[in-house]
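Letter 49 of the sequence shown, counting from 1, is numbered 773 in the working numbering, and no numbers are missing.
One thing to keep in mind: the hints can contain errors.
Stated by the list, open to error - Calculated pairs, DMTMM-like style, for lysine to aspartate or glutamate (alpha carbon to alpha carbon, straight line, at most 20 Å): (1) Lys-736 to Asp-775; (2) Lys-736 to Asp-765; (3) Lys-736 to Asp-782.
Calculated directly from the structure, the hints in this document are not laboratory data.
As the structure is a prediction and not an experimental result, all values here were calculated from the model.
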Amino acid sequence: HLASGSADRTIKIWDMSNGGELLQTLTGHTGYVYSVAYNTDGSHLASGSADRTIKIWDMSNGGELLQTLTGHTGYVYSVAYNTDGSHLASGSA
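Whenever a hint applies, use it, and build me the whole structure from the sequences.
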């Protein structure tokens, strides 16, 4: 699946094997969603936002919000998992 973040503060999950069908919309951020990243097995999705948070979503459980990470003082423009999915890096400005 493909995940996309948007200025409408949502994350959309698309099924690319089925012509790009919209499967799901994740809500919870209060600012633009600038970055999204799946972990290596696709079970979790991280999202970074202008609301200065990172949210972790459980994609193996219907996109349930697992955790909201705080601590950035600027917009979170980038999130990325390492190759085995054990660490998450984020960048803000």
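Hint-by-hint comparison with the structure:
no., hint, in the structure
1, Lys-736 to Asp-775, "holds, 18 Å"
2, Lys-736 to Asp-765, "holds, 18 Å"
3, Lys-736 to Asp-782, "holds, 14 Å"
Hint check: no violations occur; every hint is consistent with the structure.
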